[in-house]
Amino acid sequence: MISLSGLAAQFTELALAVLLAPLLTGWVNQCRAWLQNRNAPPLLQPYRTLNKLFQKEVVLAHNASPLFRAAPYLIFGCLCAAAAIVPTLGTDLPLNAAADAIALVGLLALARMFIALAGMDVGTAFGTLGARREMLVGFLAEPALLMVLFTASLISNSTSLATIAETLAHKEFVIYPSLAFAGVAFTMVSLAENARIPVDNPATHLELTMIHEAMVLEYSGRHLAMIEWAASLKLFVYSCIGLVLFFPFGIAEGGDWLGIVLALPALLGKLALGGALLALIEMLSAKMRIFRAPEFLGTAFLLAVLAMLVHVLLER
Amino acid sequence: MPAEMLLLLASPLAGGLALALMGHRRLAAEVNAAFSAFTFAAAAALVTRVVADGPFEALQRQFFVDSLNVFLVALTAFVAMTTALFSTPYMRVEREHGRVTDGGMRLYHSMYQMFTFTMLLVLTTNNLGIMWVAMEAATLTTVLLVALYRTHASLEAAWKYFILCGVGIAQALFGTILVYFAAEKILGAGTGALLWTELDTVKGQLEPAVMSIAFVFLLVGYGTKVGLVPLHNWLPDAHAEGPTPVSAVLSGLLLNVALYALIRFKVITDGALERPFASGLMMGFGLLSVAVAALFLSRQRDIKRMFAYSSIEHMGLITFAFGLGGPVASFAGLLHMTMHSLTKSAIFFAVGHATQKAGTQIMADIRGLIRLSPTVGWGLTLGTVAILGLPPFGVFASEFLILTQAIARAPWAAPILLVSLGISFAAIFGKVQPMVFGEPQLPGLRHVSRLPHRPALLPVFAHLLLVLMFGLYMPPYLAGWYRQAALLIG
Amino acid sequence: MLQHYGPQLINLLASVMLLLAFAMISQRRIISLINLFAAQGFTLFLSTALVAWLTGQNHLYGSALLTLALKVIALPWILHRLIRRLNVKWDVETLINIPTTMLIGIVLVILAFNVALPISLLAGTLTKATLGIALACVLLSFLMMITRSKAVPQVIGFLSMENGLFFAATGAVYGMPMVIEFGIALDVLVGMLILGIFFFRIRERFDSLDTRHLEKLKEH
Amino acid sequence: MFATPLHDVLALACAWLAIGALGMLRTGSIGWATRVLYPAGAIVGLGLAAIALLAIFEPAVSLVLPLGLPDLPFHARLDALSAFFLLLLGSVSAGVSVYAGGYFRQTQGTSPGLICLYFHVFLASMALVMVADDAYFFMVAWETMALSSFFLVTCDHDKPEIRSAGYLYLLIAHIGAIAILLCFGALQAGTGDYTFEHMRGLQPSAAWATAAFLLALVGFGAKAGIVPLHVWLPEAHPAAPSPVSALLSAVMLKTAIYGLIRVTLDLIGSPLWWWGVVALVLGLVSALGGIVFAAVQTDMKRLLAYSSIENVGLIFAGFGLTLIFHGFGMGALAALALTATLFHCLNHAFYKSLLFLCTGSVLHATRERSLGRLGGLIRRMPWVAWCALIGTIAIAGLPPSNGFASEWLLLQAFLFTPGLPQGYLNMLVPVAAAAVALTAALSGYVMVKFFGVVFLGQHREARLAEAHEAGLWERVGLTWLAAACIFLGLVPATVIGLLDPITRTLTGHGIGHLAQGWLFIAPINAERASYSAVLVFAVTALLVTVAWFAVRVFYHGRARRAASWDCGFPDQDARMQDTAEGFGQPVRHVFEPFFRLEQHAPAPDDAHPRFSESAEDRLWYWIYLPVARAVERLTALVTLLQRGRISVYLAYSFVTLLALLLFAR
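Chains as they are written, first to last, in this note's numbering: chain V, 4 to 319; chain Z, 385 to 874; chain S, 166 to 385; chain Y, 961 to 1625.
The hints are simulated quantities; they were obtained by calculation from the structure and are not laboratory data. Just so it is clear, the structure is predicted and the values come from calculations on it, not from any experiment. Where hints are given, some of them may not hold.
Unchecked claim - Short, incomplete list of chain Z residues facing chain S, as computed with Cβ under 8 angstroms:
no.	residue
1	Ala554
2	Phe558
3	Ile561
4	Gly574
Stated by the list, open to error - Below are the BS3-like pairs computed for lysine-lysine, each with C-alpha atoms no more than 27 angstroms apart in a straight line:
no.	chain 1	residue 1	chain 2	residue 2
5	Z	Lys815	Y	Lys1119
6	S	Lys315	S	Lys381
7	S	Lys315	S	Lys383
8	Z	Lys815	S	Lys381
9	Z	Lys815	S	Lys315
10	Z	Lys587	Z	Lys569
Claimed, not checked - So these bits of chain Y aren't anywhere near chain Z, every CB distance computed over 12 angstroms:
no.	residue
11	Asp968
12	Ala1010
13	Leu1014
14	Pro1019
15	Ala1137
16	Gly1289
17	Ile1484
18	Thr1616
All C-beta atoms in this analysis are idealised placements derived from N, C-alpha and C, irrespective of residue type, glycine included.
The task is simple: from the sequences and hints, build the whole structure.
As structure tokens, then:
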């Protein structure tokens, strides 16, 4: 079942994701700057930052354990694997046979767990606080994401992302009301998961409000670089999931290389739009108190469940 | 009359007289034990004979042995023997603590033998009249034993025991008269009309109207001695205030014997009536006893009183089983009779030593027995575990059969049994656990004197071992008896 | 002649029994209570003897004599001695007042007759009516035991219950077999002796024979 | 060894009993028990596992023992289901026994020989429960199990709270046992034949079948700790010594599952679909409630105990799904759900025992159970910590662990549910799936709390710096279980192959053939869904190493130690770390209705302000206390029967007599 072309496609997609991820982050930052009419950092700023961090020497806390040093690579690895699963250009991906939507959620959860543990490792006030908040966001966002994926897989009778993409992209166009609910839920979830306003603010170090930043306070040098890279990779993965579920059009079916080549600009376009949309949302909404995050995510969870119910009610 | 049977009855009678004359000498206790042992030997011989050549009647059919009473005879003789062994050191200690006078000891020993005699008489006689006389005599022999300590409480207990059982037994006599009245129509006047074997053959022709009324009187009469609620009031007092060996035999033997009498009449009555009148009544009273006793249990402070109530509960269960009837349920009832008397007497032995060590019967003051005296502590624990119906002890076997039969054939009874057993478990175990485990407490410790005589633990563990054996394995010939007896009861 | 009036005589004696039972319920003084008990015993003796003579059941003479010895002579004598030794001559106060007790008694009699009716119809003996009365006597003595708070009257009630039972035996079935009559008599005698011992012990503990002192053992 | 595997199993059970008895030879000697007997017990466990593994694929064998009641000798039978649970028992107990050999160093209230006796009797009775083939034998083994475990729980019986925990445990266990007993009574239907063979033969009416099922649900649910019968579990499991807690949670709860499956799918045979709904709902409530309560615990063993409730809840949910499918005659799906259920049983057995043993080592090293006074132990006892991390990942259900594999199957089973002929069920199932997902996510939260607070951060107490690594025997036991967690996670296909014979006998279908080779599992077909743990693991591992090397190659590996940064906060100490209570706080507020919260806030002008908050179980106040009070009232009423006045007593029998006379006419 594993074809050579499949492997090639798989590798291209993975490489693409890893390389493009910081670009997406940069693009979102740029859009935000424009919308806030500041003058924007260059598009490639994230790459520069990463490079700088890689060159810096690592400063470890005295009591940092091996887990602390291993975590950045583990997190990065998990997110790469996640990225490899999500079909972006074509749907002929060998890994799709090995890991489906549920496994995808599992990998993301694994990454979250490691980052939270790393945050607790040194035993600083902010690290533990951040870890707790991260897990709080996680235990509400994760099932919501799973429900969103379930809705899609109920529609396409499969939990394999490739099959989902194909069914949604290449069947005759049907309007799925359930997907509308799922879409809203997904947006909320991905805002929370990627440490975006209104749940978190990537651009702040104001202790009492931060979540993601608080966890990684102790990291420096290449470790920090890996974590930052992983973060932008996460944003990329979520965007791609969104695209697969809601705008899969233009994705190449099977392993025809022409389709893949055509799919690339389509993908870039969709990502650009998505990034802009994200920036817009962040612009328009205000950061909410951490205590209101559960309500926000609870709503997302309920919407996702509702999406499934709607599907069962109307679409069979 | 076969020699075994003669010895069986003669030995305790002779023992009673001998000990009455002998008085409180140094070896009185040993003599008492010896007589009981001899009685047991006779019983064993009788059993082997019955196993060899089946049931038989003796002395112009005034006496008879069938599978139903032979195992009760064996049981009674056995428990009487072990209790005598237990009471040897126990009563010595009581004597030296000055709770009993020399005269008291004389009375105790001779009455102990007489009591055994009366019970064996009830079991072996074929004549329902004699049965009544012996039953009344059993009350009379024990009533003074209950009052042995001459304390306020023991006198009160004995008085209630005497009056309530006396009155009850009087009702039983009226019932017996009515049975005779019904029987002489068919069998003609004379003792023949009171022989159970005779009645059993003609039970179909007995007059239903008379028999139903008769059974009512008999139920109220013998039921009082069985301790069925609401006729049970004497039982806890008598058990709690008498000397522990007496509590052991009252609970372990007397109740069984009374129930035995009731069963004999139940067989005839159900034979005479077409509707299951007697069975229904027995089921009802049995359930009532189980439920009410379970509720009483949780309010007890005195350990002997608590186990007295547990005896009421188990008697209720047995009565219910016989009321339910059928080969399995009756089998279970008989098995439960055996298991209960073995276990309960073992418990009373352990309790006796425990109370002597701790110097009190109040459970709240007894703590950490497992430290004070591990053997007694374990005896009490295992006994309690057994009586609560936890496997692999035999009590569980019988309860298993009773409950499973109950839900299948009288589903309405199942929830009552479930709740009652649950409550009684909570009550008994909740009170025994802190007594046995944990650190010894001061009030408990204060009294821990080296007892002048080593406690006799052999009886405790012998009984528990037997109960354990019955739970896992039953010798085929025993099983044979039980089956035949169960068929007899129907 | 007597042959002819025999049954009526027996019924007469039966009604006397019942009358005496009521008398005992209503009686306040212990001495006269004992005398009434003796009288009841005597009536029982008469009726037993009469039945024996009428039916030629010789063993009944035996039980008649037994009754005379035990119930008319021995027991009353023991009781008299007891109360002299314990000097308890006070009046008996009852837990339920006399008239109420009497009313309950009437109800009991009706009940007893109704219960006994089907049985007496079956009785082939010439004394069929007596069974109901005997039952009534038993129940009345029972009632008496319930209503009296002192030990001695309770015991007397107990004994008169035995009378009722004997009467039932005689009336319904011409008496139980002799062995059993003796056995019963023996039990009653021994019981009486034990009671005697009891009275003294209770007395020495509580210097009173009021059973209301005997209410310490109870659930809290 | 012997004629049939069944003989071997019985022989090994006897071997366990014998080992226990040997313990009584030298009651006082610790060395005798720990160095000789427990390792021997471990070997017996391995043997049992091996035999069971082979027996799964063989046809059922049965046997009649010369023990038991006259008309009811002990019947024993070994079929695929029994063999599977015996495999579970043997393999887990092997690890636990080895560990116990290192664990029981000082005696706690009970002599080591006695503990050894209880321990092995407990193991043997569990083995016998699995092979019992008649109601009496089953009940005897069942109650022996309860009794021996009770004595194990109350090993340290000097502590009143441990005594009361044991009391509550045995009480509920006994009531449950009576319910099971009545269930068998209903199944044998008055014919005094108690063999399972006979019960299989009977076709009970719907009413009787339902009665039997409900009784079984109560009885086995009480043992499994299903809400609302769960209250004993968080008391009893922590009270026991850690190896015993491990056995209780890992194996004994599974005997309840075994019993329920045996009775429902085997003896009754024809379940109604709505039984499944009952089991499903109960399971979900337990799962959610269990994990939510685990999140607010501050005692590490209590936390694990509550998480056991959660896992049992998930197992019940899977079982309920099985019943629903089976009730509607969807055999293949029933097989899928049952596979997921059994797989989860196996997984939970391994990771829960692993974690309990880790807490045991922590307890030994620090004499401390409260999460509030632990921390930073990964630096003192790395071996235990890394094993615990594996357990943590597994119990949180994250790939590539075994926990994830079974949860994956369970979720798949849920996903296939739509299309049931019953409208409401189709509504119910998405909600159920959501609840399962939420539970899984929450368990991630809880386990991060557990691992982070115990092993990471700074020591919350100075003396933790002297904590020592676990001994050799303990490390062996831990490693065995941890390895099993990883192994089972990597080869789910093989496990499904193991479960195939069971699902075939119980539901008539199997999904083993759908496991393509050892690499992939695909419940229905590869189009719908497939999962390969090995590949996921390999790819992730590869990517991690590549990243690591790349960084090393393109840049450098320099690192320097310094004080922690923490936003430049000057002087920070261990007490500034987030505590276990802190971790509980968000859950306490999100799931407030679950708890009975009691807060004591200090007054503003308090010299020594103290704030305390307790989150208790509402059910305790809604069900148990009212019942207790009701019984209390009843007993108070009953005592009026016994007021000491003799005339009243006479009146009772008088009235009884008259009433019966009237009744008789």
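- Against the earlier hints, flag every one the structure doesn't satisfy and list their numbers going up. Of the numbered hints given earlier, those the structure breaks are 9, 15 and 18, listed in rising order.
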